[in-house]
Amino acid sequence: MDLALSHDDRAMLDGSHGAAAKLAMRILVEMAHVWEAERLIDITSAHIDSCLYHGRAGLDFANKLVEGSARVVVPTTLNVSSLDLLHPELVRLDAETAADARRLMDAYVSMGCRATWTCAPYQLPDRPVFGKHIAWAESNAIVFANSVLGARTNRYGDFIDICAALTGRAPEAGLHLSENRHARVVFRLEAIPDRLLRDEITPTCVGHLIGERTGTAVPAIVGLPADTDEDRLKALGAAAASSGAVAMFHAVGITPEAPTLEAALGGRRADREVVITARDLRAARDELSTAGPGSIAAVSVGTPHLSISELDTLAALIDDAPPMVPFFVNTGRDVAAAAERHGSLERLRDAGVSIVTDTCTYITPILHDVAGPVMTNSAKWAWYAPANLGFDVVFGSMEECVRSAALARVWRDPELWGGADG
Amino acid sequence: MDEARTLVAGHASGSALVLDEPLSFWGGLDPATGVVIDTHHSQRGEVLTGRVLVMPSGRGSSSSSYVLAEAIRAGTAPAAIILRETDGIVALGAIVARELYGVAVPIMTLGEAAYVALRSGMALQVAASDDSASVASFADDALGG
Chain A
1 MDLALSHDDR AMLDGSHGAA AKLAMRILVE MAHVWEAERL IDITSAHIDS
51 CLYHGRAGLD FANKLVEGSA RVVVPTTLNV SSLDLLHPEL VRLDAETAAD
101 ARRLMDAYVS MGCRATWTCA PYQLPDRPVF GKHIAWAESN AIVFANSVLG
151 ARTNRYGDFI DICAALTGRA PEAGLHLSEN RHARVVFRLE AIPDRLLRDE
201 ITPTCVGHLI GERTGTAVPA IVGLPADTDE DRLKALGAAA ASSGAVAMFH
251 AVGITPEAPT LEAALGGRRA DREVVITARD LRAARDELST AGPGSIAAVS
301 VGTPHLSISE LDTLAALIDD APPMVPFFVN TGRDVAAAAE RHGSLERLRD
351 AGVSIVTDTC TYITPILHDV AGPVMTNSAK WAWYAPANLG FDVVFGSMEE
401 CVRSAALARV WRDPELWGGA DG
Chain B
1 MDEARTLVAG HASGSALVLD EPLSFWGGLD PATGVVIDTH HSQRGEVLTG
51 RVLVMPSGRG SSSSSYVLAE AIRAGTAPAA IILRETDGIV ALGAIVAREL
101 YGVAVPIMTL GEAAYVALRS GMALQVAASD DSASVASFAD DALGG
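Chains as they are written, first to last, in our numbering: chain A, 1 to 422; chain B, 1 to 145.
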């Protein structure tokens, strides 16, 4: 397939816009071939995941861009890093890694990216609106932008995110194109008791299940309550992008491109239909747990970062049941500042909760003194933490996490799970 | 995807390692050692270094391109990667590593029939150029033990 480049694309490729733009355009052109795109399109924002340190290669790449006078040309936000600049005492990386991680962060800020340090850029003001083309990395942000905002981003990975930001261009492929945004697999929630259906744990478990069962196809979900809010859709998408490679889902009657199932399917028939029952949700919960009932050593919530309303909800729960084990809350620095004004952050701190910003407890050493299973309401944390950190995990709802923390042992809500549980 | 297609050009050979399910390099591969560390993966503990990695696609995290580039830099990466589906995040890691370090790890997709015929331990030769991609098996001793 031939790739048609614009006048400006060619100028960048020739080096007229500097060495960094040239390298960025060369990588974009190569990726356009990988994705079989016919042209590049303008993007209106970028979200960069390359700022999270995983070794020398990322720093070598960022340094090469900085040396080539890199400067972003669209509003660009930054994902979590390996450090908490606001609470540096929480992170105990070795000095050399911490210094390299900091250099990586500084490099991206020097290119003109905003120091947002959050995996939930959709919680910031000026988020992308329906129909806009963007280039976002970070799997949960990608799925949220496509599914909940109706903005259009492909599944971008580290390195191409900044290439798009430096050029304002992206290959026209994948989820930028309308025909690829239609659902191919339908998941129907059936015979789920109302209390469970209305709990926040259900969308998270549904996300885990569709990630496992849908592959890379776009799924449509039928049967979620019509008032399912953004925080729950966030949790659903993050779970689906961890257990699978889901970059977009439709929640029929809820998300903007799925007013009806027919609209979600683009008028075609589904390739496959899958029924999800209460038994499947329970199985998902247990699959996301590597430890059974018993004592827990800590709780971590906020992967992806908690929103202001989630912080308010958590503060109210914690007021009634202060934690007896270390309790970590991950959120973005902008959301934390707003929650400070709300008063919820102070209430959490007074109860002994540790507030983590700029990074996340599953990617950098924060839970260092914890010996025993960690409980979380995040499927993404539950999915990655056992390998990343070596912890056993217990997965539960936010309320189960709070009440378990107060007891220092797993508490399961009998009304949620039908009573037969430990 | 019915035909073999080059995602990242290059030539390499090695012993095949066929993964039964997709692997996210981030959280799934330790770039310092080349070992699969994904606790959910049935082939946890396998070493990818120098192998011709055969898997349906990548999974999940967008950091996987970084982790693959880091593994290539550290010399722990697979010699080549054969996918059933195009995966941009996997390709990207190899493209950037080639820009930075001049090391080519070829990445190609393969049609279903040829893909399912691949078995772990087969000695494979991957030839991926801009206009064609092929994979050939040859006798184990040709690898030179």
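The hints are simulated quantities; they were obtained by calculation from the structure and are not laboratory data. The structure presented is a predicted model; accordingly, all values stated were derived computationally and were not measured. Certain hints may be false.
[Unchecked claim] Part of the chain B face toward chain A, derived, beta carbon under 7 Å:
#, residue
1, ILE37
2, SER62
3, VAL96
4, LEU100
5, ALA104
6, ALA114
7, TYR115
8, LEU118
Heads up, the beta-carbon is just placed ideally off N, CA and C, and yes, glycines get one too.
Quick rundown of the hints versus the structure:
1. The criterion of a C-beta within 7 Å of any C-beta in chain A is met by ILE37(B), whose closest approach is roughly 5 Å, and the hint holds.
2. The beta carbon of SER62(B) comes within 4 Å of a beta carbon in chain A, closer than 7 Å, and the hint placing it at the interface holds.
3. Using the Cβ-Cβ criterion of 7 Å, the hint placing VAL96(B) at the interface with chain A is satisfied: the shortest such distance is roughly 5 Å.
4. Look at LEU100(B): its Cβ gets to within about 5 Å of chain A, closer than 7 Å, so that hint holds up.
5. This hint is violated: ALA104(B) has a C-beta 13 Å from the nearest C-beta of chain A, more than the 7 Å allowed.
6. The beta carbon of ALA114(B) comes no nearer than 20 Å to any beta carbon in chain A, farther than 7 Å, and the hint placing it at the interface is violated.
7. The interface hint given for TYR115(B) is violated, since its Cβ lies 15 Å from the closest Cβ of chain A, which is over the 7 Å cut-off.
8. The criterion of a C-beta within 7 Å of any C-beta in chain A is not met by LEU118(B), whose closest approach is roughly 19 Å, and the hint is violated.
Checked against the numbered hints listed earlier, the structure breaks hints 5, 6, 7 and 8; every other hint is satisfied.
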